[in-house]
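Go ahead and model the full structure; you've got the sequences and the hints to work with.
4 protein chains.
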Amino acid sequence: MCGIVGVSHHKEASKIAFLGLYALQHRGEEAAGIVSYNGSETHVLKKSGLAVDNFDEDNIRKLTGHMAIAHTRYSTTGSSTTKNIQPILVTHRKKTIAVAHNGNLTNTEELYAKLENEGSIFQTSMDSEIFVHLLAKTPNGDMPQWLIKVFAQVKGAYSVVLLLKDCLVGARDPQGFRPLCLGKLGDGYILASESCAFDMMKAEFVREIEPGEIVIIKGNKLESVFLPGFVGESRAFCVFENIYFARPDSRIFNDNIYQVRKRLGERLAIEHPVKADFVMGIPDSGLYAALGYAQQLGLPFEMAIVRNHYIGRTFIQPSQFLRDFRVRVKLNPIQDMIKGKSVVVIEDSIVRGTTSRSRIEEIREAGAKEIHMCISCPPIKFPCFYGIDFPSTGELIAHNKTVKEVADFIKVDSLYYLSLEGMLSVMKEKGNFCSACFTGKYPTQIPKNTDKLKLEI
Amino acid sequence: MCGIVGVSHHKEASKIAFLGLYALQHRGEEAAGIVSYNGSETHVLKKSGLAVDNFDEDNIRKLTGHMAIAHTRYSTTGSSTTKNIQPILVTHRKKTIAVAHNGNLTNTEELYAKLENEGSIFQTSMDSEIFVHLLAKTPNGDMPQWLIKVFAQVKGAYSVVLLLKDCLVGARDPQGFRPLCLGKLGDGYILASESCAFDMMKAEFVREIEPGEIVIIKGNKLESVFLPGFVGESRAFCVFENIYFARPDSRIFNDNIYQVRKRLGERLAIEHPVKADFVMGIPDSGLYAALGYAQQLGLPFEMAIVRNHYIGRTFIQPSQFLRDFRVRVKLNPIQDMIKGKSVVVIEDSIVRGTTSRSRIEEIREAGAKEIHMCISCPPIKFPCFYGIDFPSTGELIAHNKTVKEVADFIKVDSLYYLSLEGMLSVMKEKGNFCSACFTGKYPTQIPKNTDKLKLEI
Amino acid sequence: MCGIVGVSHHKEASKIAFLGLYALQHRGEEAAGIVSYNGSETHVLKKSGLAVDNFDEDNIRKLTGHMAIAHTRYSTTGSSTTKNIQPILVTHRKKTIAVAHNGNLTNTEELYAKLENEGSIFQTSMDSEIFVHLLAKTPNGDMPQWLIKVFAQVKGAYSVVLLLKDCLVGARDPQGFRPLCLGKLGDGYILASESCAFDMMKAEFVREIEPGEIVIIKGNKLESVFLPGFVGESRAFCVFENIYFARPDSRIFNDNIYQVRKRLGERLAIEHPVKADFVMGIPDSGLYAALGYAQQLGLPFEMAIVRNHYIGRTFIQPSQFLRDFRVRVKLNPIQDMIKGKSVVVIEDSIVRGTTSRSRIEEIREAGAKEIHMCISCPPIKFPCFYGIDFPSTGELIAHNKTVKEVADFIKVDSLYYLSLEGMLSVMKEKGNFCSACFTGKYPTQIPKNTDKLKLEI
Amino acid sequence: MCGIVGVSHHKEASKIAFLGLYALQHRGEEAAGIVSYNGSETHVLKKSGLAVDNFDEDNIRKLTGHMAIAHTRYSTTGSSTTKNIQPILVTHRKKTIAVAHNGNLTNTEELYAKLENEGSIFQTSMDSEIFVHLLAKTPNGDMPQWLIKVFAQVKGAYSVVLLLKDCLVGARDPQGFRPLCLGKLGDGYILASESCAFDMMKAEFVREIEPGEIVIIKGNKLESVFLPGFVGESRAFCVFENIYFARPDSRIFNDNIYQVRKRLGERLAIEHPVKADFVMGIPDSGLYAALGYAQQLGLPFEMAIVRNHYIGRTFIQPSQFLRDFRVRVKLNPIQDMIKGKSVVVIEDSIVRGTTSRSRIEEIREAGAKEIHMCISCPPIKFPCFYGIDFPSTGELIAHNKTVKEVADFIKVDSLYYLSLEGMLSVMKEKGNFCSACFTGKYPTQIPKNTDKLKLEI
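Chains as they are written, first to last, in numbering that gives the first Met the number 0: chain A, 0 to 456; chain B, 0 to 456; chain C, 0 to 456; chain D, 0 to 456.
Note that these hints are calculated values from the structure, not bench results.
Worth double-checking, as some hints may not be accurate.
Which copy is meant is left open, so a pair is good if it fits within one copy or across any two.
Cross-link-like lysine-lysine pairs, in silico, BS3-like; alpha carbons within 30 Å at most [as the list claims (entries may be wrong)]:
| no. | residue 1 | residue 2 |
| --- | --- | --- |
| 1 | Lys46 | Lys380 |
| 2 | Lys94 | Lys154 |
| 3 | Lys113 | Lys94 |
| 4 | Lys93 | Lys82 |
| 5 | Lys82 | Lys164 |
| 6 | Lys183 | Lys338 |
| 7 | Lys183 | Lys368 |
Predicted, not measured: the structure shown is a model, and the values here were computed from it.
Next comes the structure, spelled out in structure tokens:
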């Protein structure tokens, strides 16, 4: 996952972009960057780590200009060196090309081979650099035709923002895997992965960029073109954005995430009603489903796990000693609430199962009499080729364990998953989601070579 | 406020102390330090900023020894230079004296004058250094007598931990303003400001140190003595710890904070029941009272404000530009929930009123139809001399404004405070609290000179 | 100017390369880099500032491998950003290409235009990057033919070392403007700008790389090829290396620099014998000519100016206040030696004249009765297009001032320059030097566009 | 050794003090500090490492005030932690006391015991802190009497500058072990360890502070008092300052160091004339004696060893690998000069012998036919208690080796030391020097306890 932002036509574009990074920090904690353009000069700032920690005002102030794009990185391809921080920025024939990309391409190998054979030198190990070389190689007379020729060559998941000549460009792949929203701030337009970024900037949500759409923004004018041949193509929005990844205050895929998650909890309560003293959620994403679950059943909702707001750098790369304490330091169950009680614990999803097991262990040590766990999505069994960084297939606990075996592994008294139909039934865009991580049915051809490795464990 | 930790008899004492800092980070974000002692050598680590960010494993590993004390600082006296980071550590006659202190002394001026006239040189501007000089000046044959002679000379609020010769010492002033808890980990004892620190360390809560008690821990032995002449003295626990400062998963002053806050909300609902579509709390400390309020009245509870977990350094000393966006970046109301709704907003307290006004403005901009605000304590009107860093009296909005005027200032449709009696009635240690910030009735003599300045605005 | 090093076939190649940077630090203080290769992986370290300060052992240790190239930078083209630190390193078709270059190309503009039109994206603003793109564009079956095709396209001054597949390559332009020496260390070969690097490494000096020669070193085998069509071409060694730039302990252009400079001083004494109490040189490069001058005339030689070995970073970008003191802090005349004395001051060259004026002023303030200045080269009047970073032509004091006017400007009692013939007569390779900075007669076509700008002031 | 500076009555006192540190950097490379005072506020800057590298303009600019003292540290007592950087600065009864000290006290243990028993807490492990506590303990009505009472209690070597109330104070012990010079800059006075500091500041040398003298400078007024009872006491200037430590452009102990060292070389030539092809000195301190030696005998003087001006941080704490190369990287003999020659090598002194052996080995590897070494002082056999940081006595090669054995160890063809009488005969203050490191005859009582340890190996 990654977060992307684009700002046009604002006298402090880089500061607005920085507010966008603040809002989208959850989409990538590894590194971040901003590129600004003032009509003649381009400025860039890139840092490892959290943008909110490492970008200071003095540096942002140097990013002058009325246009900016920004990126916050969660590595899926490319190693974690400085050069692999986006936006990617090059100067070609004295013009700036800058790219920020969220998603994963699926025909990467073919494009690498072709470009290098023609003499292109890749400077990063990110698939996103392919956009830059295609832009440099493709004749660039007419802007819409240039962009259509470029995007027609790439396959897979991409929501992307570009600084190109004097234009801000936004584009979304024909399946629409990743979100991309359009906002308005004063005279200018904003592009952002999630609408919560507009709230931060005090900008207005306009609409989502359509799958297959390219918007070209120049000054206060917006032109929209579509990739030809994709009209009516089936869409494949990432359901995991709704379940876990996006912020609860965002509106994407035509829905509000907080409300979607409460509805998942309500549906879970209908499918799996459990009798208990109270309902609690694993902070933060489990809280909303827990609230929906409790309200649906009329059970008390308690915030019986305290989240520590100070999870600092020390725990980012901890030794074994600190790792042993990590779960508890991050989330501490309140003994005075839990002792002797029968509880329903709501979690958004289970990936490896190890984290859930640790959390359940903590709740058990706090004195819970019975622990019933309800998950607000089905079992995750298959890898994602579109940008979610799941572990290798063999590490997905549900890949070759039954629900009963998973329950035994994480040591709960009972375990319930939401059904696939139940999950999709509460989404507004019901039929338009990719559920491949639950079903293994991929909406596009998947990359050659990688499939065996990933699919057969 | 500050947080203090002491560890005895653990082979990785500094790591345990560091876990304590993690748990107590909320008690002081300005700086932190750890002193360890291995029987022959003393090691120290001090850093500005958050311990959780700035203390790395390599540095902590160098703090060898089976004993350690630690401190996290929230400046109340002393400027913010490196030398004003605790624990204070000196070597005197080849013995280590190390001190970590939470609270404020009230006879500071008298003690400074006496000590300097006798040739003592103060190295810091913290009142806590007085303990060190008193220890160096006082004949130190018998440990309990030595400590009683030292503590008998200081007045005011102090919970303190010391490394002294081969002992870990903990002491609490006779009124018991600040909490200090005793835990057990393996063979050894732990001291910590709040019991949540024991959860982090997987230590067991034993009891609270009594007001006026001094505990001397050597190896796995604990000796307890009391300051003479204070038996039956009235106690003055800080009620603001319960309302706002302590962590919800802590047990101090004989109560669990989460439950206290829920009871404050329930009592608030009884005193001031409001009809509305739902109840929401200002994260985090307002959430618990909001839950109590909603459950008492049977109203829906919604988490309609999202707290951003990434409030980084950039916003710590922001420019005007970023300051304008600060409230919203930190706490974002969910428009899809609030639009057109009548809401009850629960806040733990109002100090200056400016923060509340900003938050209410944000909720209003998210589309709330009616906003009714309920505060889970009475109006704060007077300064604290015991360690809570309120602004100058004139800046306390309730000091010379009526409730109606405060409501107008923060622009709510209605505003209700919990009564003093209501507040105290839900505490387990009802009669033992200091409520001076609400009433102006101080339980001790207050410092000369400062009273006029602070009290008359 | 820049310094370059190449190491083949040594188990700690990067450490050997680092010793080379130590020896060649005087050739570039702005930045430095090392690239190592261990047969499968490539490692790189680049830092602004002095290599000797900023490269620490821990970092060098990570540069594993038996081959390495290194570069120390003195900017002549390209701005001073991190990306403009050499060696330039790219991965192309999974192979490493690394380049370190000393000199300036003269057909840069033509090559830039051609390459960008074909889609190449330049990542730096250094002309040296051209080598990389030519290497990527040119079919690379047979190594010698590949390299000859690449080097045949570039014109101007270059001594260059490359890491290419499993080979270390060294090449020198057909005129041989810049030095490049071949050494032997154990089984392997070393390439370095100056032979003093071999002393540091305890390597053996073998010979200089010939003008127009390309050496391809694989393991312990060396193959030599020559650019066709340049046999018998006239050479153009940079005489300024001998006068000022190279280290006195180096042997380049078939001569030892210390001895060349002493001979320049002896010749100066023959051309311009001055009667005085003693002879002193401006440290360090003036000292050797001063010693030759004094020995030739039988005058006492005194080291009457003390060079401060601690010219730290503070003076690198000083304020006006510190700048006022800079000359004296760097070089302090000894009053007790100079007071009331008539002195001959030997300087290697005069560029702007401002430095010499300051130094003479210092000597005058130390009490000198008479100051006679002798310069061990002719007046510098023209710009260099081959890598010496002279100021713009108008700033060269001798460009439009007579010797008398220069003497007046720097305020000496008399001023003497060595003659062109005298200078060349003491060189072993008499007829093979470029003297364009004295005569304006350039041995190659100079770059279009830049000539007017630079030549007409 | 250490260097100290004091500045009074200059509007940019800290910058002037910084220039003094530049000049005195050779007296201590370990750490440095500046304290300034502007009549009401005191500012301080302390850094590990070289002042010239680590003090930048921005930081110096913050040191406002018309008075300043500064110190550059070469550790002799006290470990190398930040707190052991001078000037020592405390605030006592709201007044600043700041101290910078060069030398070693000899009654340290007695003073420590007395002060701690009275309750003083030492913050550093430097004997210099004793001055601070004595100042705080001693009634301070009349400034001269106060200072006389303080200095009367300490014994040993001290040149010291103080900031005290509104005065700059300088004092030198009655034997005058360490130099301390008085200069004038505009209306104000300067104090500095060596007169070369005045050259840097463009200040005028006035005179040396007398042994046993205390100068109290207030504004542009200077008052001088003497410690009673020391009139006519025999002096004990450190001869090692003349031989090795001081800068050649300094005038201390009533002599110019460059000329003293040339005279040592001349005297050495008279005592030990050697026939050889030429004379060379080990840079830098050996060069001056070499020049005197060569001139006396009419032999050619050659600078046949090149000193690398870039000995950076990497070599400060090198690994074994770099250590093996250290000597050569620092000082490289010129093979083309030395090969096949018979040479006289002049060195200022031999301490352990290991450095000389390495250097001789390098000269031998450069091809020298014969190497004759002459040392411009007698054999060093005893420890120094007055501030020179010799190794333990057993490590002094001359402590229990004959001249012949030393010659064998360092592998020279012949070795000659200057005689004690010869050395002292060329000093202007002949009878006033301490020669204890050559003779073991100490001019004061030496510290108890330490003598056995140090003297018996």
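Comparing the hints with the structure gives:
no. : hint              : verdict
1   : Lys46 <-> Lys380  : neither (35 Å within a copy, 45 Å between copies)
2   : Lys94 <-> Lys154  : both (26 Å within a copy, 27 Å between copies)
3   : Lys113 <-> Lys94  : both (24 Å within a copy, 16 Å between copies)
4   : Lys93 <-> Lys82   : both (21 Å within a copy, 17 Å between copies)
5   : Lys82 <-> Lys164  : both (23 Å within a copy, 23 Å between copies)
6   : Lys183 <-> Lys338 : between (51 Å within a copy, 20 Å between copies)
7   : Lys183 <-> Lys368 : between (52 Å within a copy, 25 Å between copies)
In this structure, only the earlier hint numbered 1 is contradicted, and the remaining ones agree with it.
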